[in-house]
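Each chain is listed here by its residues.
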Amino acid sequence: MMIAPSEVKKIARLARLAIDEAEVARYAQDLSSILDLVERMNQADTQGVEPMAHPLDMAQRLRPDVVTEINQRELFQLNAPAVEDGLFLVPKVIE
Amino acid sequence: MSLHQQSIAELRGMLDRKEVSSVELAQHFLARIKTHDPVLNSFISVTEDEALNAALAADHRIAAGHAGPLTGIPLAHKDIFCTLGVKTSCGSRMLDNFVAPYNATVVERLNQAGTVMLGKLNMDEFAMGSTSESSFYGPTKNPWDLSAVPGGSSGGSAAALAAGLTPLATGTDTGGSIRQPAAYCGVTGLKPTYGRVSRYGMIAYASSLDQGGPMARSAEDCAWLLNAMVGFDALDSTCSEQPVEDYTAKLDNDLSGLKIGLPREYFGEGLDVGVARVIDEAVAEFRRLGAEVREVSLPNSELAIPAYYVIAPAEASSNLSRYDGVRFGHRCEAPKDLVDLYERSRAEGFGSEVKRRIMIGTYVLSSGYYDAYYLKAQRIRRLIADDFRRVLSEVDVLMGPVAPHVAPDLGTSLKDPVTMYLSDIYTVPVNLAGLPAMSIPAGFAHGRPVGLQIIGRAFDEARLLNIAHRFQQVTNWHRQFPAAFA
Numbered sequence: 001m002m003i004a005p006s007e008v009k010k011i012a013r014l015a016r017l018a019i020d021e022a023e024v025a026r027y028a029q030d031l032s033s034i035l036d037l038v039e040r041m042n043q044a045d046t047q048g049v050e051p052m053a054h055p056l057d058m059a060q061r062l063r064p065d066v067v068t069e070i071n072q073r074e075l076f077q078l079n080a081p082a083v084e085d086g087l088f089l090v091p092k093v094i095e
Numbered sequence: 001m002s003l004h005q006q007s008i009a010e011l012r013g014m015l016d017r018k019e020v021s022s023v024e025l026a027q028h029f030l031a032r033i034k035t036h037d038p039v040l041n042s043f044i045s046v047t048e049d050e051a052l053n054a055a056l057a058a059d060h061r062i063a064a065g066h067a068g069p070l071t072g073i074p075l076a077h078k079d080i081f082c083t084l085g086v087k088t089s090c091g092s093r094m095l096d097n098f099v100a101p102y103n104a105t106v107v108e109r110l111n112q113a114g115t116v117m118l119g120k121l122n123m124d125e126f127a128m129g130s131t132s133e134s135s136f137y138g139p140t141k142n143p144w145d146l147s148a149v150p151g152g153s154s155g156g157s158a159a160a161l162a163a164g165l166t167p168l169a170t171g172t173d174t175g176g177s178i179r180q181p182a183a184y185c186g187v188t189g190l191k192p193t194y195g196r197v198s199r200y201g202m203i204a205y206a207s208s209l210d211q212g213g214p215m216a217r218s219a220e221d222c223a224w225l226l227n228a229m230v231g232f233d234a235l236d237s238t239c240s241e242q243p244v245e246d247y248t249a250k251l252d253n254d255l256s257g258l259k260i261g262l263p264r265e266y267f268g269e270g271l272d273v274g275v276a277r278v279i280d281e282a283v284a285e286f287r288r289l290g291a292e293v294r295e296v297s298l299p300n301s302e303l304a305i306p307a308y309y310v311i312a313p314a315e316a317s318s319n320l321s322r323y324d325g326v327r328f329g330h331r332c333e334a335p336k337d338l339v340d341l342y343e344r345s346r347a348e349g350f351g352s353e354v355k356r357r358i359m360i361g362t363y364v365l366s367s368g369y370y371d372a373y374y375l376k377a378q379r380i381r382r383l384i385a386d387d388f389r390r391v392l393s394e395v396d397v398l399m400g401p402v403a404p405h406v407a408p409d410l411g412t413s414l415k416d417p418v419t420m421y422l423s424d425i426y427t428v429p430v431n432l433a434g435l436p437a438m439s440i441p442a443g444f445a446h447g448r449p450v451g452l453q454i455i456g457r458a459f460d461e462a463r464l465l466n467i468a469h470r471f472q473q474v475t476n477w478h479r480q481f482p483a484a485f486a
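Here the protein sequences line up with chains A and B, keeping their order.
So the first sequence is numbered by the working numbering: it starts at 1 and just counts up by one.
So the second sequence is numbered by the working numbering: it starts at 1 and just counts up by one.
Errors might be hidden in some of the hints.
Dumping the calculated EDC-like pairs for lysine to aspartate or glutamate here, alpha-carbon to alpha-carbon at most 16 Å [unchecked claim]: (1) B:K259 <-> B:E292; (2) A:K10 <-> A:D20; (3) A:K9 <-> A:E23; (4) B:K34 <-> B:D49; (5) A:K9 <-> A:D20; (6) B:K259 <-> B:D396; (7) A:K9 <-> A:E21; (8) A:K92 <-> B:D337; (9) B:K336 <-> A:E95; (10) B:K415 <-> A:E23; (11) A:K10 <-> A:E23; (12) A:K92 <-> B:D340; (13) A:K9 <-> B:D340.
Just so you know, these hints were derived from the structure itself, not from any lab.
Computed from a predicted structure; not experimentally measured.
Hey, can you work out the whole structure from these sequences and the hints?
Now the structure itself:
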């Protein structure tokens, strides 16, 4: 299976990863060889096999829908690259 | 014997008898880190001040007669566990500036137990890798041979233990990341059952596979550490409510009548003859201990790596979407708009192996491919889990190699990712099935350590530790020490 350069760019856009033109060929080759490995799954007949989402087939536990977190905005924003008045700053989205 | 070659039980006795203080213990290991780690690069951060403060507090607790089993014992955490007020990088440039605002449950429990954190250990970036070479902080070296990798992704943990820079370490295992570095560095590691140890505050790679566990220089030490790590945690919705045990209680149980299965598929083509010989000798030792050994079959083993390289990257691409340059982590300079901010922050913050896996995960989850890849992989996951369930109803445990070869040379693995992926063939199936498994030192091949893997039924950690401990009572492989670090 060969991933085309245009496909690489499309995946990178979906993954929000900037890639240089110079890297595209290398990604195409790496992704293609990984997908060749993955294709070996097709050797197996899995008709009628239930997909397994949890390794021990356990159900996700639910908790009551109540507030359990206290507001720690200032602490959390110590790690933020840009904040102002308690808000996270990003480039202008709406003109 | 030097302090760094003592067991945890021996250190406990020395602390309780006041033959050594916790501060002296911490100083001993901090000095060793200072001397040896410039060569090994097993630590990302050394937390000397925090360690000495914690040790002082531990000494007060011991003096007051309130010491628990691990009070005053030094340890180091894989840098994937969030540590309040201490940089938690996950081996990535993305989190090079991240100071965790809270403790992982594992860290919190070990702090409560009175352990003394020496620092944070090197690892493959976001736990993606089998060599620890993908770390933003540079590769860790193998104490047994500085030209070899320590394995990965918990390579810093394994190397620091092997060199006697810490008596205990935490690790995490998504596809073999505790067991394989333990094998490559000649130390003991346990990947518990999925859900046995809380994942809260453990930076996520592939959430349906990730599991934290203990690493140490013996099975007994691992049991002591596991005791302080386990237990239900409401903060992790996948954490098991299954009651915990005292994992030291059954260590000395007799092994006569134990039924050991050797999966045919773990001894076939691709297994190095030197590794095979070590495993055969270890199995013979268990026969002498009274175990019955028979061959079994896990026919779908070959499908594990292909299924893993769908499931793990798919979950990773979702988990790692949180790194967007907005709330924490790396942000690019002068973004021209929001998409540019996302795309360049992520491109600069992640290394190439992480980007490869995000891209694969994005591809297999993209519109039109979900059934062919993700659902297919989940169906195969069930076939693999069913294989284990069937054979583990006939035998008590499975044994085999951890990896098909010994630690490879530095600089040889990342050029060809698929070949590196295939070396996880004996460890990945266990994660897909959610089972507990250990790696224990079993000898050497080509001058490098070999690990024996022991795989058990779900929540059978106490039996695995018992089996490993009995082996370690009659062998000396776990007491070997690399001469350059003695």
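Okay, the hints, checked on the actual structure:
1. B:K259 <-> B:E292: At roughly 5 Å apart (the allowed maximum being 16 Å), E292 (chain B) and K259 (chain B) satisfy the hint.
2. A:K10 <-> A:D20: Holds. K10 (chain A) to D20 (chain A) sits at ~13 Å (cutoff 16 Å).
3. A:K9 <-> A:E23: Distance of about 10 Å is within 16 Å: holds.
4. B:K34 <-> B:D49: holds, 14 Å
5. A:K9 <-> A:D20: Holds, because 10 Å separates the two Cα atoms, which is no more than 16 Å.
6. B:K259 <-> B:D396: Given that 16 Å is the threshold and the Cα spacing comes to 5 Å, the pair holds.
7. A:K9 <-> A:E21: holds, 9 Å
8. A:K92 <-> B:D337: Satisfied, since the Cα-Cα distance of roughly 7 Å is no more than 16 Å.
9. B:K336 <-> A:E95: Roughly 13 Å separates the two Cα atoms, so the pair holds.
10. B:K415 <-> A:E23: holds, 15 Å
11. A:K10 <-> A:E23: The hint holds at about 14 Å.
12. A:K92 <-> B:D340: holds, 12 Å
13. A:K9 <-> B:D340: holds, 15 Å
Against the hints set out earlier in the document, no violation occurs for any number.
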